[in-house]
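Position chain W against the provided structure of chain P, taking the given hints into account.
For the record, the sequence lines run as chains P and W.
Each residue of the first sequence is one higher than the one before, counting from 4 in our numbering.
Each residue of the second sequence is one higher than the one before, counting from 4 in our numbering.
Quick caveat, the hints were computed from the structure, so don't treat them as lab data.
It is possible that part of the hints are untrue.
Pairs count within a copy or across copies, as identical chains cannot be separated in the list.
To be verified - Within a straight-line C-alpha distance of at most 20 Å, the following computed SDA-like cross-link-like pairs (lysine to any residue) qualify:
id, residue 1, residue 2
1, Lys25, Gln56
2, Lys612, Ser542
3, Lys79, Glu34
4, Lys22, Glu34
5, Lys228, Glu218
6, Lys79, His37
7, Lys520, Pro571
Remember, predicted model here, so these are calculated numbers, not experimental data.
Number of protein chains: 2
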Amino acid sequence: MEKIDVEALFLGPKSENRKFFKETLDFLMDEHIHWRRNFHPEDEPVINLNQQQEKSFEETLDRTSNALLELSSRLKFSSMPWFSPRYLGHMNSDTLMAANLAYMAAILYNPNNCAYEGSPATTALEIEVGKQFAGMMGYDPQKAWGHITADGTIANYEGLWVARNLKSIPLAVKQARPEMVEGIDDWHLLNLPPGRILELVSKVKEAGALEAVREQSVRGMGMEKGRLGKLLVPQSKHYSWTKAVDVLGIGQENVEYVRVKDNYRMDVRHLKECIDRLVAEKTPILGVVAVVGTTEEGAVDEVHEIVRLREKYEKKGVSFYLHVDAAYGGYARTLFLDENNLFMGFNGLRKTLHEHGVVHKEVEWPSQDVYEAFRAMPQADSITIDPHKMGYIPYTAGGIVMKDRRVLDLISYFAAYVFEKSGDNPMLLGSYIMEGSKAGATAAAVWTAHRVLPLNVTGYGRIIGRSVEGAARFYYSLLSTGVLDADGRKFRVVPLTRPDFNIVDFAFNEVGNASLKKMDEVNQKVYDRCSYKSGPVYSDSWITSKTSLSSGDYGDAPRAFVAKLGIPAAEWDRVKSVYVLRCCVLTPYLTRGATYTEYWSNFMNTMRKTLEQVVKVP
Amino acid sequence: MEKIDVEALFLGPKSENRKFFKETLDFLMDEHIHWRRNFHPEDEPVINLNQQQEKSFEETLDRTSNALLELSSRLKFSSMPWFSPRYLGHMNSDTLMAANLAYMAAILYNPNNCAYEGSPATTALEIEVGKQFAGMMGYDPQKAWGHITADGTIANYEGLWVARNLKSIPLAVKQARPEMVEGIDDWHLLNLPPGRILELVSKVKEAGALEAVREQSVRGMGMEKGRLGKLLVPQSKHYSWTKAVDVLGIGQENVEYVRVKDNYRMDVRHLKECIDRLVAEKTPILGVVAVVGTTEEGAVDEVHEIVRLREKYEKKGVSFYLHVDAAYGGYARTLFLDENNLFMGFNGLRKTLHEHGVVHKEVEWPSQDVYEAFRAMPQADSITIDPHKMGYIPYTAGGIVMKDRRVLDLISYFAAYVFEKSGDNPMLLGSYIMEGSKAGATAAAVWTAHRVLPLNVTGYGRIIGRSVEGAARFYYSLLSTGVLDADGRKFRVVPLTRPDFNIVDFAFNEVGNASLKKMDEVNQKVYDRCSYKSGPVYSDSWITSKTSLSSGDYGDAPRAFVAKLGIPAAEWDRVKSVYVLRCCVLTPYLTRGATYTEYWSNFMNTMRKTLEQVVKVP
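Here chain P stands alone, though its shape is the one from the complex (with noise of 0.2 Å):
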């Protein structure tokens, strides 16, 4: 296995590697000043030295270089410092060199993946990106569709418009075409699988009844209130679902939220009682959403659960479509990969990793169940994955794949005058996505850094292992520091749960508090001197992020947890409701040996004194 060596991949919480990414950045400067000055070496130059010492044109320049160098400021005085491993926030740390210089490159290039027209150079990437995404979601490359999105919320509303679309087709199949669909009732045409809506689709194409069809379907008449059933998405959702279903004319009447358990897991049993209900009723289930790495606890649904669920459902006649927002935890799939990206068994991945040391024996990740739901992913009929986020890209770039390209009949458009009229084009991409235009800098960013990091276990798994153990060592050190002494006071601290992936959420409470209120109170205090509510942020000694559970969202799942921390049963059963600090621990640099010794100790230090500051004031 070649050895890519991490520390070479950032910038570096000291700049470390300051002097490869200026020359490297110098030389791509060079390299597209020449390249406008050899377009037409003929044609004279527009602006000429005289002009140049116009007091004019100097007090023009001045005015970029000011505006430039107040931007610098604003930055500097109040940006969050990702890169260093004293932050443990959102999901953020450092990004990778080749992603920032391939952006600085691209973005004088200003190429627009909306058309290929506006892109030659850079729309090929976004398509051999969306490939590669599918590659690692363990779907056929050649038979599924990817592209980069704006962001993750775009690409779960994406998912949710073809799951829509898709839904609404075998009814349109018989308003259109009857004789297509012939003998099978209402009940049984909401309930297709997804797959055989899409074979039913081909018929129809071959028919040469798609327009047809597609006019009576959602995509021609809008929705109908309700008619398509209801979407099933986990209590641990990210808000951007509830913002889709709005969007896309579903309403909020139309969303049910199954429970979690107190791993923050979708409760599979909860998901099943739903559907009973739903059926018995004649409901139809619009879709289901999994979560890959919750963005509040890093919890990985059981996906291979839900994928055994559908298919014994689907022997009762009832199906849906199945989205996993894997925005989060996507990447983190190249960590079962070996270097022929093949999903590896569950014994040879754990002695893979150990052995190359992506993550350390001792550290007892994954768990078989985490295992199982990265495996099952590829049963998915669509997949959000943010390169933005594990994928150590700067902003934006969100992601999505689906299994199977053939859904791009039922979203796309062609405008007449601005593209050729072409039947399956994908170079024009506004014809098949949901947005315009679209940066091609970010799909050189994106295909820049999969060309340094495989997407497997060589490549990205290398940082990604580092993150998820940074995690479970810290986890680890909360789980077995007990009770902390602050000025004579004494806190215990206790994680939330064991991380699925790579967030730790934890509270403190004073021994023998069993009052809910103040235990929040203290936790908030410790977030407001240990985040941007402090001030600018820079000379903070660590920084971190937080969370509520409340049972409005997560239901009873952090009762167990309230319970270790001292509350009695009867004070969560008041309040129902608790604030976590939570820990994005996506920096590569907590890991074995020293640095990891440092930064804990660090962390206890600044826990020990804010805690003294938070106790002395009233």
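Just chain W, lined up with the frame of chain P:
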């Protein structure tokens, strides 16, 4: 009036400003490098010199370097040379140094404007830009709401999202709080003017019934097939509108296309006919979209006439939402604003433009209609405006601005666990807009450009004036060309229409040819030789784009144009489609003087040679 030197704003077609560009970039990179180093100077580097000298470290750097060099080669091989005045294709040209440098500086700080916590520096910049959009459009910045979007398509979706949710409110009030709309029948509820609906929302909010009403609106219940009526868009619309009605669950069935006149502006008489017919049928009008700067012709719809029409209908109890799609033309409004950002009178405007050489007198721009259209824009309810088009900002930066920020109640969502629950904190952008994660670097780029260039005639007006002037000169030159001689064969060249803005469409026809098909073939062959179709365009002498005007999209609007080219009316009636070359003149260098003469003569030579090649090929 302070003099801004347009030539000092861009890197330049020959990289004329390379010294300034590179020095400034270098300084900005050093600023960032030292910002990292100064964060907790006591922390040890995570990478030491020893490690940097290891073989695997160097190999990893090599991987990054090689990937970037391959990217650079690909970019140089086939990217479009927007920067050159030889490029007259899509809506592109060189982009502002200020914007490119700001983007590059900000990308290393990697802010995410989704939540303030991820972007303490750049969220504030985006809020400021939103207010600037409002000012530029003539809205009251204190009452309006604007922000950057991923692109114009997403901005159009967001405008329609607001329109749709707003339109559904009165009937929702009837469901949830019937007493608040007592005595108003459904027809009138569906025809309340947008301002009246917002007043109703305020009252509902005061009564503590906002959630109950929203639950009964489209947001809560989903779309109900055609209930909200029809969306009226001009035939000249961007295809994002077709996508929008699908995405938002409205359905193609519920769009009507308003005819355009032979100047490609919406035919407001036909709009009136459509409205009358719909009102007679008791079909409500969800909204009307006007286009300021059609993407194919640069036509400016007569917004003032549409506004007048709405006023008239409101007296008869009929109203609709009005969105202006000024993705393309929006920034041109800066040409109408004096240095105090006040909209100038018609005569004063022309005088100012001439006196300061922003648009020279002989160009005769703007026409009275175009002037009135821009003046009326603040009467619209929302406006799409793309910085990555006439803002000379790199991709992607779209934008939207809404007249009345109270619309936020219709589209906002708060994630309890991500954000503070706060009634009115626009710093939490992700809660108020369609997108989630969004690049703070984009906001930095737009903000910095606006800092350098005031959003009035002294700033952006100077660049856009040149663009408008270049297009007008190109148009006049084509008009006065008459007939070209290509190897003894004579070709007439005719521009489509006098440009309202900065696009010139035109076509060649061999003198004596009466076949539309043959004429189209000639123009298609010209395009094939002057575009990416000829292969990488680096050695092309001139680069253009093209469009097709068919009766399916444009009715009979092109009839007079083809007649001027010598095509009989019967031929148009038979073929009903014409292929034209399309030049977006965004380059700021085709103004009065030597450069225009040089490039026009280049162009004529290229055309002559191209036609010679074209006629030689069978």
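query = Given identical chains, is Lys22 near Glu34, meaning Cα to Cα at most 20 Å, within a copy, between copies, both, or neither?
reply = Both ways: Lys22 and Glu34 sit 18 Å apart in one copy and 14 Å across, limit 20 Å.
inquiry  = Regarding Lys228 and Glu218, is the shortest C-alpha distance of 20 Å or less found within a copy, between copies, in both, or in neither?
reply    = Both. Shortest intra-copy (18 Å) and inter-copy (13 Å) distances satisfy the 20 Å Cα cut-off.
query = How do Lys520 and Pro571 come out at 20 Å by Cα distance, when the copy is not named: within, between, both, or neither?
reply = Cα proximity of Lys520 and Pro571: one copy only (12 Å, versus 83 Å across).
task = Check Lys612 against Ser542 for me: Cα-Cα at most 20 Å, and say if that holds within a copy, between copies, both or neither.
result = within (15 Å within a copy, 66 Å between copies)
query = Taking 20 Å as the upper bound on the Cα-Cα distance, should Lys79 and Glu34 be classified as within, between, both, or neither?
reply = between (29 Å within a copy, 8 Å between copies)
query = Quick one: Lys25 to Gln56, C-alpha cut-off 20 Å, is that within a copy, between copies, both, or neither?
reply = between (29 Å within a copy, 18 Å between copies)
ask   = For the identical chains here, do Lys79 and His37 meet the 20 Å Cα criterion within one copy, between copies, both, or neither?
value = between (32 Å within a copy, 10 Å between copies)
Of the numbered hints given earlier, the model fails none.
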